[in-house]
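Spelled out from the first residue to the last, the chains are:
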Amino acid sequence: MKTNPLSTLAQVRREWLLLAIITVIALVVGARAPVFLTWRNALDIGNDSAILAILVMGQMLVLLTRGVDLSVASNLALTGMLCALAGRAWPGIPLVVLIGMACAIGAGLGFVNGFLIMRFNLPSIVVTLGTLSLYRGAVFVSSRGAWVSDQDIHPLIKGLPRETLLGLPMLIWFAAVVVGLALYLLRWRREGRELYAYGGNPSAAVYAGIPVQRRIVMAYTLSGLLAGLSGLLWVGRYSIAFSELASGYELTVIAACVIGGVSIGGGVGTIGGAVLGVLFIGVINGALPVIQVSPFWQQAIAGAVILISVVLNASADRKRGRQILDRPLVPELRAPQGAAA
Amino acid sequence: MKALDTWERVLVALIVLVYLGFGLGIDGFFSPYALADSTYNFSEKALIALAMALLVVAGEIDLSIAATMALASLAMGLAMKAGAGLPLMLLAAVASGALCGSLNGWLVTRWKLPSIVVTIGTLSLYRGLAQVVLGDQAITGYPETLSGWGNGSVGDLIGHPGLIVPLEFAVMLVMAGAVGLFLHRTIHGRRIYAIGANPIASRFSGISVDRYRLGLFVFAGVMAALAAILLTGRIGSTRPNLAMGWELDAVTIVILGGVAIEGGRGSIVGTVLAAVLLGSFNFALGMLNVSGIVMSMIVGALLIVSMVLPRWLKLLRRPGGAALKPV
Chain A
0 MKTNPLSTLA
10 QVRREWLLLA
20 IITVIALVVG
30 ARAPVFLTWR
40 NALDIGNDSA
50 ILAILVMGQM
60 LVLLTRGVDL
70 SVASNLALTG
80 MLCALAGRAW
90 PGIPLVVLIG
100 MACAIGAGLG
110 FVNGFLIMRF
120 NLPSIVVTLG
130 TLSLYRGAVF
140 VSSRGAWVSD
150 QDIHPLIKGL
160 PRETLLGLPM
170 LIWFAAVVVG
180 LALYLLRWRR
190 EGRELYAYGG
200 NPSAAVYAGI
210 PVQRRIVMAY
220 TLSGLLAGLS
230 GLLWVGRYSI
240 AFSELASGYE
250 LTVIAACVIG
260 GVSIGGGVGT
270 IGGAVLGVLF
280 IGVINGALPV
290 IQVSPFWQQA
300 IAGAVILISV
310 VLNASADRKR
320 GRQILDRPLV
330 PELRAPQGAA
340 A
Chain B
0 MKALDTWERV
10 LVALIVLVYL
20 GFGLGIDGFF
30 SPYALADSTY
40 NFSEKALIAL
50 AMALLVVAGE
60 IDLSIAATMA
70 LASLAMGLAM
80 KAGAGLPLML
90 LAAVASGALC
100 GSLNGWLVTR
110 WKLPSIVVTI
120 GTLSLYRGLA
130 QVVLGDQAIT
140 GYPETLSGWG
150 NGSVGDLIGH
160 PGLIVPLEFA
170 VMLVMAGAVG
180 LFLHRTIHGR
190 RIYAIGANPI
200 ASRFSGISVD
210 RYRLGLFVFA
220 GVMAALAAIL
230 LTGRIGSTRP
240 NLAMGWELDA
250 VTIVILGGVA
260 IEGGRGSIVG
270 TVLAAVLLGS
280 FNFALGMLNV
290 SGIVMSMIVG
300 ALLIVSMVLP
310 RWLKLLRRPG
320 GAALKPV
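Protein sequence lines correspond, in order, to chains A and B. Residues 0 to 340 (numbering that gives the first Met the number 0) make up the first sequence, in order. Residues 0 to 326 (numbering that gives the first Met the number 0) make up the second sequence, in order.
One chain only, chain A, in its complex shape (with noise of 0.2 Å):
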């Protein structure tokens, strides 16, 4: 964690920025478009930005630890693949155990990362990038290839997404509480703290007696368990599920990390921040048909973005950013602590 004043106050005049940029695209887009400045619309966004949102929260955990965790996605197909054939074959299935089964299968499978990049030391985006296609694979495999289709879904999981709870859809209620714990972990609770800390200077965390390896385990699992809730509410609010469902999302969820400033050297980042990235992707991704611009054009305005924010970054802070592709620091310090895994 960088704690010289001169970087936190550069952070928090970043999020300020972004705040404020969010701000005029909603004011112009609704000059344009009144609609867009409805409640009703926000509340459209939020439901679209919801199930992003609890995505980049286990992303972001990864991150703060410089590695990555590309499997979200598939992750998140597979998970929501089994509840919905859960669902199916069990029609009396209460809704506690299929969010339970969510949580414990997406926390196994992000285990799995975690442990295979620790126990053996591995680069996260290898070992990542091959659970990618596995556990996409697996959706396949687990499904033979067939759909779930809207009348097979279990009608707790497409219910689910569409209770109201105080006026506000269930998906933005998951979203607040999964975002109101990561800031409770990441500011109050020292597991936390230390993610920042090895982020920050990992060779420091381990003399400071982090137990550097079970935390990193506990990013990726955390990350996983995230990414099944996803699953099984983005199965509910789409009412599908199938093997490419959500493939490529793993993006859009690292390019809302980093547009909200988180940085992908990792020990950097802040949830404000984070939120914030999310919730310009989803205003961006509101706003485009409300002002008739292709949707074609989504994807362009994200790959601009994030190129934007990071030499915006950069240029803030003019040190080079340490590669994702780790070189281990001091390779006797870390020896004995494989040992310890």
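By construction, these hints were calculated from the structure, which means they are not laboratory data. All values derive from a computational prediction rather than experimental measurement. Beta carbons: idealized from backbone N, C-alpha and C, even for Gly. Honestly, I wouldn't trust all of these hints.
[Stated by the list, open to error] Computed footprint of chain A on chain B, listed as stretches where at least three residues anywhere in the stretch have a Cβ under 8 Å from a Cβ of chain A: (1) 103-114; (2) 128-134; (3) 250-261; (4) 296-309.
[Stated by the list, open to error] Computed far set for chain B versus chain A, every beta-carbon distance over 12 Å: (5) A78; (6) L87; (7) F203.
Since the structure of chain A is provided, determine the placement of chain B on it from the hints.
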């Protein structure tokens, strides 16, 4: 360079195993035409994997390489629609590939950004631009010559119908030879290893690190353009989702080929062997009617096993301690 290091030998053994195993199990697998056919599966991917191997050895990565292919193919299509002849079309493809590569390289070297972030951004940008221009349309109607390059054999070109080695495969072998000589036999290749092993020490020993990085990204763009020309010729159309997801395949080939993802180690022989292994394996599974997504699942598993196995064996071999030396 030892051309056949331990890992390369393992790959050769696996290739022999795949060809023998499936050859005895599947009727017609050994016919020369089937063997020639099996090379289409990996020739284009091997081309971008060669460029990716150089980048990874230098400690960088280019995830936008497949999106660059889509843009290069698009540039070729637009040039054709504008009435350009074949040479101009090719020029358009190569120029747009080089342009994409230089944008990546410029962002990485000028702004000191990690290449993975930059190329995730440009992946989205390039693929997005292809979608903006094409929408849900496709460009078709490419000239015969192009289709001949993509589908034809060396024999067609030099007038020996008996020689059925596909042109794409030949192009791949020539490029592999050139890249291999460059990496393993020239001073520039040695410097690329040095940059990957320790960029700061390399800079202090007088290597213009950033110039090499920029050059490698431009080269990756050009190779993507070359692969795009062959692929467009082979399938005869340009779509926004051309070569979708191939960046992951290229990375898989490179890692399976024994190139260390942290840079500084790896060989071109290994990369080519890995491309052949994956391609022939996929082709054989295709003949067995295994679905594409299951194949990619097996590839993912192979990728993980190929990394875990050597380290696990090292763990077992070390008596008493399970201490892992970071490699």
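Outcome of the hint check:
1. Chain A is given as covering the stretch 103-114 of chain B, and this holds because 6 residues of the stretch bring a CB closer than 8 Å to a CB of that chain, at least three being needed.
2. With 4 residues bearing a CB less than 8 Å from a CB of chain A, the stretch 128-134 of chain B meets the requirement of three and the coverage assertion stands.
3. As drawn, the stretch 250-261 of chain B meets chain A at 5 residues by the rule of a beta-carbon pair under 8 Å; at three or more, the given contact holds.
4. Look at the stretch 296-309 of chain B against chain A: 9 of its residues bring a Cβ nearer than 8 Å to a Cβ of that chain, three or more, so the hint holds.
5. With a least beta-carbon separation of about 21 Å from chain A, A78 (chain B) lies farther than 12 Å from that chain, consistent with its non-interface assignment.
6. The claim that L87 (chain B) lies off the interface holds: its Cβ sits roughly 26 Å from the closest Cβ of chain A, which is beyond the 12 Å cut-off.
7. Annotated as non-interface, F203 (chain B) keeps its C-beta farther than 12 Å from every C-beta of chain A; the closest such distance is 15 Å.
Violated hints: none; the structure is consistent with every hint.
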